[in-house]
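A.B. asks: Listed below are the residues making up each chain.
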Amino acid sequence: MKKILWMGLIGIMLTACHWEQDVAPMLSFQLREGEKLITIAEMLEYHELGDLDSYDSLPKGTVITGIVTSDDTEGNFYKILNIQDETAGIQIKIANSSLHTKYPIGQRIYVRCDGLVLGDYRRLPQLGWWVNGGMTAIAASSENQYFFRDGAVGAEPEPIVLSSIPNNISEVVPYCNMLVKIENCYFEMGGKSAFADPNASASRTLKLNGGGSVIVRTSNYASFATNILPEGNGDVYGVLTRYNSDLQLIIRSLNDLKNFSKMEEVFKTDMANNPFNSGWKAINSGAEWKYLSNSMFQGFIINGSTAENDSWLISPAIALSKCSNGEVSLSIEHRIPNNMGNKDNMKIYYSNNANVDEINESDWTELTLNTYPGEFEISNFSLSNMELTDNFRLAFRYKDSNTSAWYIKNIAIKARVSQ
Amino acid sequence: MKKQLSTFLIFFLCIGLIHAQEDKKDTTRVDDYSEEIASFNNVSEGQEDADTELGNYVPGIVQTRRDAFVNNTSYAFSIAYFKTRGFDNRFQDICLNGLPMNSLVTGRASYSQWGGLSHVVRYPETSIGLTPSSFSFGNFIGTVNYSLRASSYRQQVRASYALSNKTYTNRIMITGATGVLKNGWSVAGSLSTRFGNSLAYVDGTFYKGLSYFFATEKQFNREHALNLTIFGAPTTRGMQGNSVQEVYDLLGTNYYNPNWGWYNGEKRNARVRTVHEPVILLSHYYTPEKGNLEITTTLASTFGRNNTTSLNWYDVPDPRPDYYRYLPSYFINKDNPDDTFLYDYYTEAWKNDASLRQINWDYMYNVNQTAAAMGNRAQYMIENRVYDHFQMAGSSSIIANLTEHIKLTAGINVRGMKQRNYKTIADLLGGSYWLDVDKYSEGDFPDEQNVPYNDLDNVDKKLYEGDVFGYDYTYHIYYQQAWALANFTYNKVDFFAGLDLNATEFWRVGNMQNGRFPDDSKGKSAAKSFLNIGGKAGVTYKINGRNYLVLNGQYSTKAPSILNAFLAPRVRNTYVSNLKNEKIGAAEFSYVMHYPIFKMRITGYYAYFKDITKLISFYHDDYASMVNYSMSGIDQRNIGVEFGAEVALGSMFTLYVAGNWGDYRYANRPEVAINAENGYDILDNNNSDVTQTVYWKNFHVAGTPQLAITGGLKFNYNYWWVTINGNWFDKIYCDINPERRTSAARGSLDENSELYHQIADQKRYKGQFTLDLSVSKSWRVGGRYSIGFNVSINNLLNNKKLITTAWEQYRFDYSTFNVDKYQPKVYYAFGTSFFAGINFTFN
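Residue numbers (the working numbering), protein chains in the order written: chain A, 1 to 419; chain B, 1 to 843.
Misleading hints may appear alongside valid ones.
Below, in silico cross-link-like pairs of lysine-lysine (DSSO-like), each with a Cα-Cα straight-line distance of 30 Å or less [as the list claims (entries may be wrong)]:
#1 B:821 <-> A:93
#2 A:409 <-> A:399
#3 B:218 <-> A:79
#4 B:610 <-> B:583
#5 A:322 <-> A:347
#6 B:351 <-> B:267
#7 B:524 <-> B:461
#8 A:268 <-> A:281
#9 A:79 <-> A:36
#10 A:93 <-> B:439
#11 B:522 <-> B:439
#12 B:599 <-> B:492
#13 A:409 <-> A:268
#14 B:334 <-> A:79
#15 B:777 <-> B:208
#16 B:462 <-> B:522
#17 B:334 <-> A:258
#18 B:334 <-> A:93
#19 B:218 <-> B:290
#20 B:801 <-> B:731
#21 A:79 <-> B:524
What follows is a set of in silico ranges between Cβ atoms, one per label pair, in the way DEER data are often shown [said to hold, decoys possible]:
#22 A:278 <-> B:753: 21 to 31 Å
#23 A:97 <-> B:366: 25 to 35 Å
#24 A:417 <-> B:345: 37 to 47 Å
#25 B:763 <-> A:152: 23 to 33 Å
Examples of chain B residues lying across from chain A (beta carbon under 8 Å, computed) [unchecked claim]:
#26 695
#27 697
#28 788
#29 814
Derived by calculation from the structure, the hints in this document are not laboratory data. Since this is a predicted model, take the numbers as computed values, not measurements. We put the beta carbon where it would ideally sit given N, CA and C, even for glycine.
Work out the full structure, taking the sequences as your base and the hints as a guide.
C.D. replies: Right, here's the structure in full:
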């Protein structure tokens, strides 16, 4: 008897030693009786946009759900939460300045709309309270009555891709309050002004290469407000909003700017020193490519004779694999006595895979001079839409049997370098 | 018998009187959870007296003195705030002359009521655990009864002086008793004072206490005796506060006290507790010559005030120096960790600037005086949180030896209590007047003019020192109990069975109409009644005269405490929904050995608590309001083993070891209803309660080391007593904030993420070792005098790492989930402390 009791006691002790820590489940949402889940697009039909801000009530028990697309971490969104479903998006005004921790991008939330109204601010639909004739943020202390997170944070919704903005914005208006990607666009003031003014929010025009423009609206409280707008072209993500007939894009952070690149000089031949010492190479047959440096001129020259000439001047390999939209510029002058001679005796080529030892076997593409090279006019050659490699070379080929002189200087290449 | 009846009659008349007076404002005690915890550190308040006299601590009856666990642990474990079997104090009945002294509000007895009277409040009759007692039905971790009869003190005059470095420096006690005189009278009296803070362990604390005791008894004949005992202990003390580990580390001490600041060259404490709650006991003892029985009847009243001051402020920076926004950690620049300028600045300032790390009284006076000069209200003040209580109580119990084998004990116990809870302005700190508006409600309701006012009868009234403000309400509680226990004694087996029936009724009366709850705050609430039963039984199998097996069990239901019954007790009459009786079942199984040189007890115990209700209030960051957080249906499970063994080594030495291994956990997932005190729900006219589930099943119930072991050697020769013992405390857990174990706090965090674990995991503190030494000696001088001394040194090795109390703050940072923002509050046991006394006895 005693033994059994002791064993029982020890048994209880042993089982008492293994306990799993209780774990609270993630928040999940359940509809209550009498509640109805509708899409955001369905909800938006309850309110008609007009010249004046106004609001409408929603049917009792209305619930919507959506994924968060806004983020106030950087301060550009302030007391605003944007959510969207497959049909539309909506802006929600909440008087809480730190919404991102509770409602990060990708979080699904449900909104119990009882007690809220659907209204608009300058034709932008908003959900919130209507106080003193305008849409007003819901008090933070009431947040928990309306907003309910559901499950783990997932991926950000796929953005609506816009590569042009039509003149009639009504085609784009349905995307208001949704995440969009403005493709292939540039800031009008790129490289010149900051996102916002020092003491005020600011609108900056974003032009789409495909046509049209939107305003990028940035708060002066955003952490990147004083950053200079990027130069060049790229893609911009953000939540599309409107202010009456102006479309406005609100970006969450600088990460919303993708693929922005500007033209940079990626190659330049230093003509103050002999370029043949820094990779330039001449393969001469007849006339010789030479380097000339005096107070008037620094560069390459070739003086053709009446003999058979076929001389190549080849650049060192230039690394351009990270570049796009390349542009070669150089100054070239053809000097011939009495305008005799043939400008076609000078060809300019480039190659992405030239073998310097097998110069004639290599695959050269000609860059055509668009005007007759007068007195050192700068000539530009576009390399856009061409794939560039790290074995990029320029070449000049003099092929003639007449007397002729060519002067070349200021050889440079600009390109967009991807960041 | 007639006398019995008349005593009862008087007693019931008095109860009726309390009912009749229910509209009058009356009495109280602690009703705020955080206050409770804060004051818990001052268990020493109760213990210190026990601490003070070595050898007296151990309860006196033969049975207990012989118990190898209780005898060796009750003093040694007190440093770590050890709780027997993990039970709260409210599960131990403390009786005076058979009358339970546990407060009807808190459920706990307040030792401070008889603080400083250890000359006379001593040698209690004690029952351990579930064993039956002769004066009450018993509670789950035992019952204690102090007999305060004048005749129980023998004729002598006793004086003692003691010096200590704990909460007070000096204690003087003088006690005299006549013994039973020839005319049947006996008189006993005791006076004591505790004072001085020159050696006080914690900075800024002080202690002033006076205690008085008077008892007189008349033995009319062999059958009847009547005793009157009156005592009280008016005490004023500057409290110790606790803080977060960051501050302790910064200052290099675990005893930093945020409650005080320099003022006019003196350390001024903002938290001063003043208590005076006297007790009057009138007891009748009836021992008829015929029939082997004994009837004790006690009629009692306790009344008085318990009040604690605290800082209050309005629309100005929080004056508490260790407020989280003033700590260096608040200035860590998360965006740029290399930018440590502010962090370094505040770190240095904390170390070097006393006006920053302690309360800045001058600043507060300055702000108030400036405001006063412009005719504006005061913005800082000291408030006084007052609990006035008045209680009438009576009990009667009988011990009847019916046959050689059967002993019956039974009793009734009736109590009525009122406790008024309110705040007054104690000190305007140089300001001109105060306005009674709720700082958390202002601004939320532009259309609701009355919302911020706490007292609609005095809107915009200028208030001055002494005026009542904030809240004012009275608890009314009535309790009746009848119980009986039958004990059977036979050769091989003893057993007992008992029954308890009790009823509780309570309500609240609001004395102030609150602007947030105008229809729900003033006047009488509905009354709630609870009928409860308890049953207990046990059997002792006597293997032989040296070895025993004991199995006891008890099941009781208990009314919920009134402290947890109202949604927002300060301002509303509304009860929490789902208010239920608590149910507690417990069993213990022991093996006891008694040999002349060896004794031992080992007990396995198990207890299950069901449907506990708990109300806490705190500032909820997610709701941006003070909230009342009402948890209901909490289940708890305590299991463990306690043991003690002593072996005599010759006639002078005894070697002993005793300890407890326990495992105390929450056993379910309770529901919690959250209710904002700023009343935002009124505006929305919506469901005000947010309910959620607390996922804390299997988390540890904190508040005591669950593992505690002591071992030592005692020496006794020629009135020399020396004990040296080492103690190990472990399984010390941080009290958890339920809010952090909810889906709301988890949000969408991954269960395995580091942040989730930071939020949800329960902190366990390292086990600690302490060593104690005590020496005492007494001499007889002549025939009638004796002189003695005693010195006890606690924590001889000066271990300052033993955490006695730790709890997670209820605030939780919902905006960034930064668990370090509101760090756990921690109390540490004192390092080396001593108590040294000398005493003279004149017989």
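A.B. asks: Hint by hint, note whether the structure agrees.
C.D. replies: Quick rundown of the hints versus the structure:
no. : hint                        : result
1   : B:821 <-> A:93              : holds (27 Å)
2   : A:409 <-> A:399             : holds (19 Å)
3   : B:218 <-> A:79              : violated (78 Å)
4   : B:610 <-> B:583             : holds (5 Å)
5   : A:322 <-> A:347             : holds (27 Å)
6   : B:351 <-> B:267             : holds (18 Å)
7   : B:524 <-> B:461             : holds (25 Å)
8   : A:268 <-> A:281             : holds (15 Å)
9   : A:79 <-> A:36               : holds (27 Å)
10  : A:93 <-> B:439              : holds (25 Å)
11  : B:522 <-> B:439             : holds (21 Å)
12  : B:599 <-> B:492             : holds (20 Å)
13  : A:409 <-> A:268             : holds (10 Å)
14  : B:334 <-> A:79              : holds (22 Å)
15  : B:777 <-> B:208             : holds (29 Å)
16  : B:462 <-> B:522             : holds (21 Å)
17  : B:334 <-> A:258             : holds (26 Å)
18  : B:334 <-> A:93              : holds (27 Å)
19  : B:218 <-> B:290             : holds (21 Å)
20  : B:801 <-> B:731             : holds (14 Å)
21  : A:79 <-> B:524              : violated (43 Å)
22  : A:278 <-> B:753: 21 to 31 Å : violated (55 Å)
23  : A:97 <-> B:366: 25 to 35 Å  : holds (32 Å)
24  : A:417 <-> B:345: 37 to 47 Å : holds (43 Å)
25  : B:763 <-> A:152: 23 to 33 Å : holds (26 Å)
26  : 695                         : holds (4 Å)
27  : 697                         : holds (4 Å)
28  : 788                         : violated (44 Å)
29  : 814                         : holds (7 Å)
Hint violations for this structure: numbers 3, 21, 22 and 28, all remaining hints satisfied.
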